[in-house]
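J.: The chain contents come next:
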Amino acid sequence: EAGVAQSPRYKIIEKRQSVAFWCNPISGHATLYWYQQILGQGPKLLIQFQNNGVVDDSQLPKDRFSAERLKGVDSTLKIQPAKLEDSAVYLCASSLKQGRHAFFGQGTRLTVV
Amino acid sequence: GESVGLHLPTLSVQEGDNSIINCAYSNSASDYFIWYKQESGKGPQFIIDIRSNMDKRQGQRVTVLLNKTVKHLSLQIAATQPGDSAVYFCAENSYSSNTGKLIFGQGTTLQVKP
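Chain order of the listed sequences is A and B. Under our numbering, residue 121 is the last one in the first sequence; the count climbs by one each step, no gaps. Under our numbering, residue 1068 is the last one in the second sequence; the count climbs by one each step, no gaps.
If you are wondering where the hints come from, they were derived from the structure by calculation, not from laboratory data.
Label-pair restraints from in silico Cβ distances:
1) 48(A) x 1050(B): 31 to 37 Å
2) 1021(B) x 15(A): 38 to 44 Å
3) 10(A) x 994(B): 20 to 26 Å
4) 972(B) x 79(A): 43 to 49 Å
5) 60(A) x 1049(B): 20 to 26 Å
Computed from a predicted structure; not experimentally measured. Ideal placement from N, C-alpha and C gives every residue a C-beta, glycine not left out.
Please build the complete structure, drawing on both the sequences and the hints.
T.: Have a look at this one:
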């Protein structure tokens, strides 16, 4: 079974620029998550989708972050404009349905300079 | 609010010894708990899970114990190997809720000395 695919693996941008991350979840998984993991900390949930609907985005900084899940499959997370404190690893995960353990991609390491 | 925390940031053990990693949670509504292992440069990897209707669950070399009375979770690794060196996270979710969120704690670094 193919895992969760994320791209790019690494990205370096200047502050105030924009960036987008892409995620392809495991086939058939209805629930998709985006997490932000700052160095030395646990993953922090940014947004959770159930199919193409948003279940929770209470921790998403909506003035600069946006996410969508097209047709309930792939998802993109965008940051515009980026700040220095956005430097982190952005992890995408998927699960068969809500309330189950999730499978994670390798993440995108973002450095904002 | 919800929080899942770990007692110790770093645990150092000798190869072959048993390891115990602890976790405290605060959300009484959580009924599903998961342990993840994260190696450097990789995403978290599922190890074992347990639902709140159980006190103990065993896997291959790993055991998870759940004490709902004191809201405590532990991961036991038998005969720890160098390949077990990683950061371990506990996470909580709601198995029975339609709006369950997967929430992580801060993590414990396990260092295995040869």
